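As they're listed, the protein sequences go chains A and B.
Residue 1 is where the first sequence starts when you use the UniProt record's numbering, and the numbers rise one by one after that.
Residue 1 is where the second sequence starts when you use the UniProt record's numbering, and the numbers rise one by one after that.
Don't take every hint at face value.
A pair counts as met if it fits within one copy or between any two copies, since identical chains are not told apart.
[Said to hold, decoys possible] Simulated crosslink set (DSSO-like; lysine-lysine; CA at most 30 Å straight-line): (1) Lys153 x Lys415; (2) Lys325 x Lys2; (3) Lys415 x Lys323; (4) Lys331 x Lys415; (5) Lys345 x Lys2; (6) Lys325 x Lys387; (7) Lys325 x Lys378; (8) Lys153 x Lys387; (9) Lys181 x Lys345; (10) Lys25 x Lys153; (11) Lys25 x Lys415.
Source of the hints: derived by calculation from the structure; they are not laboratory data.
Everything numeric in this text was worked out from a predicted model, so none of it was measured.
Number of protein chains: 2
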Amino acid sequence: MKTVGIIVEYNPLHNGHVYHFEQSKLVSGTDTVVAVMSGSFLQRGEPAIVCKWARTEMALRMGADLVLELPVAYSTQPAEWFAYGAISALEATGVVDAFCFGSESGDLELLRSAARRLHEADNREAPDHADMTAGSLTGLAPSFQDAIRSRLKSGLSYPSAYAAAAGRLLAEESEEDWLAKPNNTLGLHYLLALERLHGTMRPYTIQRQKADYNQTDISDERIASATALRKLLSGEADTEAVRPFVPAYTRRILQREWEAGRAPVSWASFYAPLFARLAVTSPSEMAEFGEVTEGLEHRIARCLHEVQPSAGEPFEQLMQALKTKRYTRTKLQRMMTRILLNHRKIDLSPDLLRGGVPYLRVLGFTAAGQALLKAMRKTASVPVVTKAASFRHPFLDMDIRSATVHASAYRQPSKAELFRDYYEPPVRLADEV
Amino acid sequence: MKTVGIIVEYNPLHNGHVYHFEQSKLVSGTDTVVAVMSGSFLQRGEPAIVCKWARTEMALRMGADLVLELPVAYSTQPAEWFAYGAISALEATGVVDAFCFGSESGDLELLRSAARRLHEADNREAPDHADMTAGSLTGLAPSFQDAIRSRLKSGLSYPSAYAAAAGRLLAEESEEDWLAKPNNTLGLHYLLALERLHGTMRPYTIQRQKADYNQTDISDERIASATALRKLLSGEADTEAVRPFVPAYTRRILQREWEAGRAPVSWASFYAPLFARLAVTSPSEMAEFGEVTEGLEHRIARCLHEVQPSAGEPFEQLMQALKTKRYTRTKLQRMMTRILLNHRKIDLSPDLLRGGVPYLRVLGFTAAGQALLKAMRKTASVPVVTKAASFRHPFLDMDIRSATVHASAYRQPSKAELFRDYYEPPVRLADEV
Numbered sequence: 001m002k003t004v005g006i007i008v009e010y011n012p013l014h015n016g017h018v019y020h021f022e023q024s025k026l027v028s029g030t031d032t033v034v035a036v037m038s039g040s041f042l043q044r045g046e047p048a049i050v051c052k053w054a055r056t057e058m059a060l061r062m063g064a065d066l067v068l069e070l071p072v073a074y075s076t077q078p079a080e081w082f083a084y085g086a087i088s089a090l091e092a093t094g095v096v097d098a099f100c101f102g103s104e105s106g107d108l109e110l111l112r113s114a115a116r117r118l119h120e121a122d123n124r125e126a127p128d129h130a131d132m133t134a135g136s137l138t139g140l141a142p143s144f145q146d147a148i149r150s151r152l153k154s155g156l157s158y159p160s161a162y163a164a165a166a167g168r169l170l171a172e173e174s175e176e177d178w179l180a181k182p183n184n185t186l187g188l189h190y191l192l193a194l195e196r197l198h199g200t201m202r203p204y205t206i207q208r209q210k211a212d213y214n215q216t217d218i219s220d221e222r223i224a225s226a227t228a229l230r231k232l233l234s235g236e237a238d239t240e241a242v243r244p245f246v247p248a249y250t251r252r253i254l255q256r257e258w259e260a261g262r263a264p265v266s267w268a269s270f271y272a273p274l275f276a277r278l279a280v281t282s283p284s285e286m287a288e289f290g291e292v293t294e295g296l297e298h299r300i301a302r303c304l305h306e307v308q309p310s311a312g313e314p315f316e317q318l319m320q321a322l323k324t325k326r327y328t329r330t331k332l333q334r335m336m337t338r339i340l341l342n343h344r345k346i347d348l349s350p351d352l353l354r355g356g357v358p359y360l361r362v363l364g365f366t367a368a369g370q371a372l373l374k375a376m377r378k379t380a381s382v383p384v385v386t387k388a389a390s391f392r393h394p395f396l397d398m399d400i401r402s403a404t405v406h407a408s409a410y411r412q413p414s415k416a417e418l419f420r421d422y423y424e425p426p427v428r429l430a431d432e433v
Numbered sequence: 001m002k003t004v005g006i007i008v009e010y011n012p013l014h015n016g017h018v019y020h021f022e023q024s025k026l027v028s029g030t031d032t033v034v035a036v037m038s039g040s041f042l043q044r045g046e047p048a049i050v051c052k053w054a055r056t057e058m059a060l061r062m063g064a065d066l067v068l069e070l071p072v073a074y075s076t077q078p079a080e081w082f083a084y085g086a087i088s089a090l091e092a093t094g095v096v097d098a099f100c101f102g103s104e105s106g107d108l109e110l111l112r113s114a115a116r117r118l119h120e121a122d123n124r125e126a127p128d129h130a131d132m133t134a135g136s137l138t139g140l141a142p143s144f145q146d147a148i149r150s151r152l153k154s155g156l157s158y159p160s161a162y163a164a165a166a167g168r169l170l171a172e173e174s175e176e177d178w179l180a181k182p183n184n185t186l187g188l189h190y191l192l193a194l195e196r197l198h199g200t201m202r203p204y205t206i207q208r209q210k211a212d213y214n215q216t217d218i219s220d221e222r223i224a225s226a227t228a229l230r231k232l233l234s235g236e237a238d239t240e241a242v243r244p245f246v247p248a249y250t251r252r253i254l255q256r257e258w259e260a261g262r263a264p265v266s267w268a269s270f271y272a273p274l275f276a277r278l279a280v281t282s283p284s285e286m287a288e289f290g291e292v293t294e295g296l297e298h299r300i301a302r303c304l305h306e307v308q309p310s311a312g313e314p315f316e317q318l319m320q321a322l323k324t325k326r327y328t329r330t331k332l333q334r335m336m337t338r339i340l341l342n343h344r345k346i347d348l349s350p351d352l353l354r355g356g357v358p359y360l361r362v363l364g365f366t367a368a369g370q371a372l373l374k375a376m377r378k379t380a381s382v383p384v385v386t387k388a389a390s391f392r393h394p395f396l397d398m399d400i401r402s403a404t405v406h407a408s409a410y411r412q413p414s415k416a417e418l419f420r421d422y423y424e425p426p427v428r429l430a431d432e433v
């Protein structure tokens with residue numbers, strides 16, 4: 001039995017994800033699939049539209065065999081740490097032979113050679129990460145960081161500055177601006193993490209069509225991005241609108257969550273607690289939170305005064321007020337996530353993150369997944385956690401608390417929903433028929 | 001012109017308050033009245049039912065000439081610091097000749113002699129407050145604190161332990177348990193503060209009828225406590241229910257606030273931000289907040305798991321879960337206020353509080369009040385603040401932030417309402433006709 005790893009969010013799981021899932025098994029020639037999935041808060045700095053258990057069930061119904069939760073310490077991070085956490089989780093299982101990711105380029109060797117050269121630059125300049133301090137957000141070579149910083153100073157956003165600096169380092173062997181594409185960037189970081197972790201998994205990539213649109217083998221009538229689907233669902237009383245774009249089980253699970261008052265969850269759900277927190281936090285205390293960099297604490301304090309809740313959705317107004325060319329929406333949302341969840345820089349220091357995931361939290365499994373779990377008793381390099389209540393780690397506390405905050409947005413949450421991590425065993429597909 | 005000071009909350013202003021107001025002028029033989037009023041959060045650890053500007057207007061319409069805001073650093077405190085802050089504010093004006101408070105006993109000499117003996121004990125044991133550390137919440141003599149502590153250990157609540165220890169110190173010259181009555185305790189602390197501050201105001205007390213009920217000169221049909229009135233108003237779409245118990249202007253102002261979506265504000269309005277904050281705060285961080293004493297941080301974490309928002313009002317459930325014989329509802333609510341408002345012990349240390357109010361924030365005035373303000377340019381011992389935006393002090397920041405949090409509970413607050421402290425000049429009665 002060969003196993004492939006995939007890194008997912010399924011917010012919500014749609015037909016494009018099914019395509020990627022089938023292709024991942026096909027190109028890697030594997031039978032079983034381990035999915036590392038973000039929990040309650042996601043890479044773009046947003047709460048998940050439905051809880052992690054519902055999304056786990058979607059993944060299992062599609063055919064994933066084991067779903068592991070990417071700790072929120074990594075899941076709501078820029079590409080470098082997100083990728084590092086996810087790859088470290090797959091490696092830590094000891095049972096994953098390969099991993100597969102989507103990219104705009106589809107050219108593994110291009111990405112891999114870029115990752116190797118970035119890693120060599122790291123090693124040349126900081127062989128043991130010896131010069132990395134808590135102030136350094138990345139594990140990148142200092143000269144490369146300098147190159148990014150100088151581009152930031154010229155007003156570029158971080159992703160643009162990164163792409164420009166990396167393009168320069170890599171001597172721009174490609175004519176087109178391939179590094180500026182988000183899934184190429186993420187893929188590059190998966191491969192960079194693999195180098196850094198001396199990983200043994202074999203990487204594969206599948207070429208993504210532009211934002212999953214215009215695929216020739218699947219008609220437009222069946223494919224839409226997760227962002228587009230969340231927009232369709234926003235403010236809706238039921239989930240009818242997404243029917244053409246998602247598998248039947250996604251629709252059924254979403255509808256169940258809607259009817260139970262557990263969805264949809266969005267930033268609009270958290271404005272009251274976020275606003276109260278922002279209002280009572282001094283700029284100097286604000287600067288202690290993750291992602292509050294470069295004096296953004298003062299900008300937040302000023303922009304808070306621009307919000308007019310009587311004139312529309314207040315979180316959206318806050319984002320509009322905060323936005324500049326320099327700060328992407330994603331960066332600002334990640335910052336708000338850290339503030340809402342009380343995640344300080346000191347809780348997320350490079351020293352803490354560099355160890356990789358310190359546990360593997362099991363969200364769900366099939367019969368084949370159960371066999372994998374059994375094998376992992378011998379192979380896993382970190383504890384495998386099936387009961388959150390019986391394991392303690394600061395990162396796990398953060399995961400549990402973030403799920404509680406997520407659930408606090410439900411219509412009238414029960415205590416079992418608010419503290420579901422303590423009550424809920426992993427989702428088992430056999431139980432769900 | 002002689003001036004009397006009163007210490008008020010007016011939550012809301014009712015017929016019993018009018019009686020106290022008239023009596024205060026009468027017994028002190030004064031013409032003008034300065035009211036020191038709590039702002040957005042009150043002594044019992046509750047948000048005010050309507051904002052401080054609306055309550056200022058009530059006070060001015062009744063006849064108060066100048067309304068000053070008691071900083072939230074003092075307003076949401078046990079009796080000792082609440083009284084100390086309020087008396088320091090009246091003294092700091094330099095224009096108040098007398099102050100008058102209600103008490104169950106009505107016996108000024110009994111209270112005054114008790115206050116003097118407590119103050120002598122302070123002086124004997126800690127003449128310069130030299131041994132007071134940040135851990136000591138009160139300015140009381142160490143031996144008296146020990147006496148309170150030993151009674152706390154036997155399971156008494158703080159007010160009961162205080163009354164028992166003070167009764168002992170004062171050799172129980174009274175047969176009845178007069179110190180256990182809340183307004184006697186508060187009165188004792190006003191007089192103790194006067195001693196400590198070497199105040200020059202002449203004190204007066206007016207005997208309160210039991211909870212303002214059964215007064216002979218005002219029939220029961222017109223008198224109810226503020227607590228009873230808030231209960232009548234809770235969840236009501238209009239303010240009709242309180243009509244018999246309040247002056248016409250109170251009713252009109254309340255109705256205006258109701259119709260504008262700015263009232264009623266209660267703890268139920270803040271459950272979402274409070275819960276989110278409690279959920280993401282570790283016990284050790286929780287212990288840094290004001291009033292989180294004696295391991296209550298662990299009790300909060302446990303009790304949070306008892307809350308079932310689907311089964312009723314969640315703040316009430318949390319209070320029920322937290323409550324023991326030892327902790328009064330008031331103590332627990334003050335603790336929640338400190339957590340909601342992000343007030344840490346270090347922000348409210350005895351060293352900071354002992355200086356008395358560091359500014360006099362003017363909330364409103366009449367023509368006579370304006371004359372007082374003019375006189376205060378020469379007499380006031382601290383800055384007189386009429387524009388919050390043009391003065392900076394950590395306590396004033398706390399006042400402004402607490403008003404922002406209070407306003408965030410409005411139906412759909414405008415930014416002018418959220419940050420009203422920056423926009424709103426003092427209420428002037430002449431403008432309000």
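message: Of the numbered hints stated earlier in the document, which are not met by this structure?
response: Result: hints 1, 2, 5, 6, 7, 8, 10 and 11 break, sorted rising.
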